[in-house]
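My request is simple: use the sequences and hints to build the entire structure.
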Amino acid sequence: MIFRGCSYEADVTEALKNGHWPEGCAPELCSHAETCVRCSDLVLVTQTFQRARNESILAVREASPSLLWWRAQLRRRHTATERLARPITIAQIFALFVNLTVGIVFLAWQYRHGLRWETWWSDLASTRVVHFFSLGSRDLSGIVLATSAVGMVAVLSGIVLYLVYKKA
Amino acid sequence: MRKKDTNGEYAIPNVEARVASRSGEPSMTDDAFSGFYQRSAPALHAYLTRVSGNRTLADDLMQESYLRFLCATHPEGGEVNYRRYLFRIATNLLRDHWRRPTSARIDDVPEQFLAVHDALGGVDSRAILDPVMARMRPRDRQLLWLAHAEGYSHREIAEITGLAAASIRLLLFRARRKIARLLREQHSIDRNRA
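From first to last, the protein sequence lines are chains P and F. Under my numbering, the first residue of the first sequence carries the number 1, and numbering increases by one thereafter. Under my numbering, the first residue of the second sequence carries the number 1, and numbering increases by one thereafter.
Hints are computed from structural coordinates only; laboratory data are not their basis. Be aware that a few hints might be false.
Per label pair, the in silico range of CB-to-CB distance [claimed, not checked]:
| id | chain 1 | residue 1 | chain 2 | residue 2 | range |
| --- | --- | --- | --- | --- | --- |
| 1 | F | Arg181 | P | Leu29 | 22 to 28 Å |
| 2 | F | Ser34 | P | Leu100 | 52 to 58 Å |
| 3 | P | Ala63 | F | Arg99 | 23 to 29 Å |
| 4 | F | Ala166 | P | Ser157 | 49 to 55 Å |
| 5 | P | Ser157 | F | Arg169 | 53 to 59 Å |
| 6 | P | Leu67 | F | Ser167 | 35 to 41 Å |
| 7 | F | Ser167 | P | Ile90 | 40 to 46 Å |
| 8 | P | Thr101 | F | Arg99 | 43 to 49 Å |
| 9 | F | Arg174 | P | Leu163 | 54 to 60 Å |
| 10 | P | Arg75 | F | Gly162 | 19 to 25 Å |
| 11 | P | Glu82 | F | Ser167 | 35 to 41 Å |
| 12 | F | Glu76 | P | Cys6 | 32 to 38 Å |
Here are a few chain F residues that face chain P, going by a calculated C-beta distance under 8 Å [as the list claims (entries may be wrong)]:
| id | residue |
| --- | --- |
| 13 | Phe33 |
| 14 | Ser34 |
| 15 | Pro42 |
| 16 | His45 |
| 17 | Ala46 |
| 18 | Thr49 |
| 19 | Leu67 |
| 20 | Leu70 |
| 21 | Ala127 |
| 22 | Ile128 |
| 23 | Arg176 |
| 24 | Ala180 |
| 25 | Leu182 |
We treat Cβ as the ideally placed atom computed from N, Cα and C, and that holds for glycine.
If you want it as structure tokens, here you go:
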């Protein structure tokens with residue numbers, strides 16, 4: 001397609017945009033628009049659209065802007081809450097995963113050492129709870145300490161993840 | 001009586017283009033938004049109604065446009081840029097609507113459903129323009145309305161529609177030539193009927 005411009009097009013556009021067409025324009029511009037295909041198309045289309053716009057504007061039934069504003073605030077808050085909750089959920093899942101892993105490792109380790117916890121459990125059942133630590137073997141206190149440490153690491157990992165997400 | 005500024009030349013004096021915070025803080029006060037809404041809503045509704053050919057859809061899309069506008073980070077530069085941004089949101093919503101597979105394409109809608117009925121005048125414009133608009137492609141309708149009804153420049157139309165600025169001129173030229181031919185045909189049909 002050959003795309004030829006018209007040197008008067010900008011003037012016609014400006015006159016139409018400012019509402020000067022045709023009374024406020026030079027006669028030669030008006031006579032040019034009658035003979036030039038591009039400019040006559042421009043005048044016809046612009047005048048039709050401007051008339052349609054004015055009619056549509058008069059027919060508008062406006063909604064309440066305050067209602068829209070409040071709906072937008074609700075949506076913003078909902079989005080903000082979702083954004084905050086996402087890293088917390090991820091941290092919780094991560095902590096759960098770490099705890100489960102520790103639990104599984106602990107059980108496997110106990111199983112490999114001949115299920116000593118069974119005898120420990122029967123010993124514990126026969127004693128009073130207040131003597132829990134004093135009756136425990138060296139291994140037991142080590143396991144308790146290790147489990148506490150891993151739990152602490154899991155909780156701290158969750159917090160670190162949360163802070164990283166919040167910063168990002 | 002308060003005069004409506006539908007051209008949007010006037011900037012909102014007490015509203016800065018504030019960055020929407022992540023904490024859900026409003027980016028525009030209720031009063032400032034009310035003023036902006038009153039000045040911009042008629043033009044936006046006219047755009048959506050004429051381009052979509054469906055007043056109910058235009059109502060829905062207008063509300064969604066303002067909601068998204070309020071939830072988003074506003075561009076700098078005052079009300080003129082706000083309006084352009086609003087039109088961009090509306091244009092994207094229209095495009096999403098047309099892309100949705102379940103929704104009926106605007107080209108498939110019977111012509112009688114495209115007419116906008118209200119109690120006011122303007123029968124001529126609707127009788128001539130609506131059937132012609134229904135025969136245009138959705139993108140062409142958007143381009144023509146933004147250029148000839150809203151008076152946006154090619155660069156502004158490119159920003160609103162997301163099309164390349166260089167291609168706007170040619171696309172608009174083709175669309176204008178086609179609609180001018182259809183308008184002349186429609187005029188002659190109406191004259192013959194009369």
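Here is how each hint holds up against the structure:
1. Arg181/F to Leu29/P: 22 to 28 Å: Holds, since Arg181/F and Leu29/P (Cβ atoms, about 23 Å apart) stay within the stated range.
2. Ser34/F to Leu100/P: 52 to 58 Å: holds, 54 Å
3. Ala63/P to Arg99/F: 23 to 29 Å: Holds: the Cβ-Cβ distance is about 26 Å, inside 23 to 29 Å.
4. Ala166/F to Ser157/P: 49 to 55 Å: Hint holds: Cβ distance 52 Å, inside 49 to 55 Å.
5. Ser157/P to Arg169/F: 53 to 59 Å: At 57 Å between Cβs, range holds.
6. Leu67/P to Ser167/F: 35 to 41 Å: Holds, at about 39 Å.
7. Ser167/F to Ile90/P: 40 to 46 Å: holds, 43 Å
8. Thr101/P to Arg99/F: 43 to 49 Å: holds, 45 Å
9. Arg174/F to Leu163/P: 54 to 60 Å: holds, 55 Å
10. Arg75/P to Gly162/F: 19 to 25 Å: Taking Cβ atoms as reference, Arg75/P and Gly162/F lie about 24 Å apart, which means the hint holds.
11. Glu82/P to Ser167/F: 35 to 41 Å: Between Glu82/P and Ser167/F, where Cβ atoms are some 38 Å apart, the hint holds.
12. Glu76/F to Cys6/P: 32 to 38 Å: Holds: the Cβ-Cβ distance is about 36 Å, inside 32 to 38 Å.
13. Phe33: With a minimum Cβ separation of about 5 Å from chain P (threshold 8 Å), the hint on Phe33/F holds.
14. Ser34: holds, 4 Å
15. Pro42: This hint holds: Pro42/F lies near chain P, its Cβ roughly 4 Å from the closest one there, short of 8 Å.
16. His45: Since the shortest Cβ distance to chain P is 5 Å, the answer is holds.
17. Ala46: holds, 3 Å
18. Thr49: With a closest approach of 6 Å, the Thr49/F hint holds.
19. Leu67: It holds, given that the least Cβ distance between Leu67/F and chain P is near 5 Å, below 8 Å.
20. Leu70: Because about 3 Å separates Leu70/F from the closest Cβ in chain P, which is inside the 8 Å limit, the hint holds.
21. Ala127: violated, 11 Å
22. Ile128: holds, 7 Å
23. Arg176: For Arg176/F, the interface hint holds, since the closest Cβ of chain P sits about 5 Å away, which is under 8 Å.
24. Ala180: For Ala180/F, the interface hint holds, since the closest Cβ of chain P sits about 4 Å away, which is under 8 Å.
25. Leu182: Status violated, d = 10 Å.
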